[in-house]
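J.: So you can see what is in the structure, the chains are spelled out below.
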Amino acid sequence: MTTISLTTDFGLRNGFVGVMKGVIYKIAPEAKIVDISHLIAPQDIREGAFALWRAYSFFPEGAVHVYVVDPGVGTMRRPLAARIGAHFFVGPDNGLLTPILEDAGRENQEIEFVHLENPKFHLPKVSRTFHGRDIFVPAAAHLANGVALNEMGTPFSDPVRIQLTRPQKTSTGWIAHLTMIDTFGNLTTDLPFSALQGRTDILLRLRGAQVNGIVESYGHKRPGDLVAVVDSEDYIEIAVVNGSAAEKLGAKVGDEVEVILPPR
Amino acid sequence: MTTISLTTDFGLRNGFVGVMKGVIYKIAPEAKIVDISHLIAPQDIREGAFALWRAYSFFPEGAVHVYVVDPGVGTMRRPLAARIGAHFFVGPDNGLLTPILEDAGRENQEIEFVHLENPKFHLPKVSRTFHGRDIFVPAAAHLANGVALNEMGTPFSDPVRIQLTRPQKTSTGWIAHLTMIDTFGNLTTDLPFSALQGRTDILLRLRGAQVNGIVESYGHKRPGDLVAVVDSEDYIEIAVVNGSAAEKLGAKVGDEVEVILPPR
Amino acid sequence: MTTISLTTDFGLRNGFVGVMKGVIYKIAPEAKIVDISHLIAPQDIREGAFALWRAYSFFPEGAVHVYVVDPGVGTMRRPLAARIGAHFFVGPDNGLLTPILEDAGRENQEIEFVHLENPKFHLPKVSRTFHGRDIFVPAAAHLANGVALNEMGTPFSDPVRIQLTRPQKTSTGWIAHLTMIDTFGNLTTDLPFSALQGRTDILLRLRGAQVNGIVESYGHKRPGDLVAVVDSEDYIEIAVVNGSAAEKLGAKVGDEVEVILPPR
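Protein chains in written order, with the working numbering: chain B, 1 to 264; chain C, 1 to 264; chain A, 1 to 264.
It is worth saying that the hints were derived from the structure and are not from the lab.
Take these hints with a grain of salt, some might be off.
One-sided excerpt, in silico: chain C residues whose CB lies under 7 Å from chain A [what the hints assert, rightly or not]:
#1 Met1
#2 Val34
#3 Leu39
#4 Gln43
#5 Asp44
#6 Ala51
#7 Ser232
#8 Asn242
Here are the computed lysine-lysine pairs in the DSS-like style, where the Cα-Cα straight-line distance is at most 25 Å [said to hold, decoys possible]:
#9 C:Lys125 <-> B:Lys221
#10 A:Lys221 <-> B:Lys125
#11 B:Lys252 <-> B:Lys221
#12 A:Lys26 <-> C:Lys221
#13 C:Lys26 <-> C:Lys125
#14 C:Lys125 <-> B:Lys26
#15 B:Lys26 <-> A:Lys125
#16 A:Lys221 <-> C:Lys26
Source: prediction; values computed, not measured.
From the three backbone atoms N, C-alpha and C, an ideal C-beta is built for every residue, glycine too.
Next comes chain B alone, as it looks inside the complex:
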């Protein structure tokens, strides 16, 4: 009864996701399948990385997380399976796991990688363009059935990593960056609240707009007000009460946010 999560850029129209679930139930009829997102922007490894990183730790231990954002499908990029702490991951070796690996490094979690070379755990016929169906979910279903990682392929220790933005310390505070825009138009940054050492009397500047201070929640200001809050993952977030900050400011993922800690 292992949980298998799916994160892809396949969209919801063409049935690709349904096919992958059919394959999972064929191999692991007891699995519990959860969609994280299938609306990752096409081939946007960075967006997929943030989505999976924010979600995976809320799943049961032993869960298997499949990600298929895979511009290199059919080329030499390695298909991989990994164990990072108590969670398993399956997908292309393209850096999507970078933020999860960074956390795992800081927390000294055990990390194992294998190159999914053993055809016994692929579908009988592997296409050139749909490894999600032919290699990744079969591997995930076999992991859910208790097959050991090292039966599935050769261990390796140099997974691809991608460059992620990092907040930079300045003389007056920080330069942060927008990492995600959610469905409400709320703007998440890469600056953890902990970096402010408890101060909420900060000034934020973004796209010509200014926000004064962090409030407890959206509901503490009036509809239409631009506010800063601490988001559900403890990062600084900019929002419009009952509205869309993304729309109001024309903000884009990657935008710089100046965070100023006024002298006390």
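Could you slot chains C and A onto chain B? The hints should help.
T.: Below, chains C and A without anything else, positioned relative to chain B:
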């Protein structure tokens, strides 16, 4: 093997829904999870109310229905769990349950409400902005596991209610209102067919257009025709055969529909 | 623990799909439900036919596939259940199963059809506009519970069929047709790679553009290049590396593609 339904305005891109499912399976691995909608318009309690009201009674008895359309997250609005007849509900106390409570009142069903104050049934850390993850689905999963409602918090009996449109009797018939526009552009009204006492020879006026009589089904007229039918919940509905009435008429939720019963 | 798949044009906003799942779990609490697509274009039987045909064979044997693309709901069109080889199908008799039946014919699979007339396997009250909820998923759930096909209605042998495009042989090669455009803008044709007898040195012409030769996978050319590949079902596909061929060429489903085999 309790069924847990989810109705939110979270969208399907950012992984919020997947995270909530991960939390459910961690607490209640045997639960069956069903999405009702995650595309409720942002913070539109009324749309959420209609979606859940139309759906919940088709679920198995004992089902737990979680709704998270929650403009007041992080303020003093109460998180609640309720039993209404044979179904459980979990979400913010913001009136979304109003039509379900009205039906329950008419049918003399048993109703219980508790304020979800017992931190034992929250996630260890409760954020200010994501109570769906931290309070509501944990409560739903514990209910699915058989925890009693009154273990989770303090009973109360004054849930928030919202104002819903009601059809008004006129000298020639009724003024009805559009309550929902579906994916085909069909227009549902708040006038039950029973109010017409079996008559199908009515006249409907809406946005300058007129419809003569109720037909048995879409297929009884030609493609492109504007028709009135009785919808799957027994309400009067206006549709275009193989087309979109919403587009043809520029109709909006809340629009008035004049319903005329000609003298016989 | 039978798998039930769902293919509809209901969209994801209004809760229709959630209602159908509630009904399934009420009748067959052990079922595994998989969405193939709910974003089929409204009443587009052809798109539904391709989506289900491409997906169903990857599901476990004994799976029940429900399809509800149903412009004739409420008219005399027959509601049906079928067994085709090792899979069951439930939906309106409108030709959506045509490509599956053609394959089954070629492979001499056993085929049975029944007209779902037995009200014992409908919901107690059957509406005129939502047979997905009232007739089709109840039948699917009872099939999942082991009810025999012939208990549910009268056998018949003349299911409706629709006309599908077929590639035409020409003096220099083939005229193929676009059958599907996926979420990446990749263009699938109705020409199987097997028709080229192993040749990859072909020329394709579509909307004034020309593609030279079939490459192994998207990643073998540069971003922006127009390429031809063999898709995951062994059909010839036209794509733009890391981009959208549909957008680049303004291509539409049904477009002709000239396929030329140069003399060797």
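J.: The structure should be examined with respect to each hint, and the outcome stated for every one.
T.: To see whether the hints hold, each was checked on the structure:
no., hint, result
1, Met1, "holds (6 Å)"
2, Val34, "holds (4 Å)"
3, Leu39, "holds (4 Å)"
4, Gln43, "violated (15 Å)"
5, Asp44, "violated (11 Å)"
6, Ala51, "holds (4 Å)"
7, Ser232, "holds (3 Å)"
8, Asn242, "holds (6 Å)"
9, C:Lys125 <-> B:Lys221, "holds (24 Å)"
10, A:Lys221 <-> B:Lys125, "holds (24 Å)"
11, B:Lys252 <-> B:Lys221, "holds (24 Å)"
12, A:Lys26 <-> C:Lys221, "violated (35 Å)"
13, C:Lys26 <-> C:Lys125, "holds (15 Å)"
14, C:Lys125 <-> B:Lys26, "violated (38 Å)"
15, B:Lys26 <-> A:Lys125, "violated (35 Å)"
16, A:Lys221 <-> C:Lys26, "violated (44 Å)"
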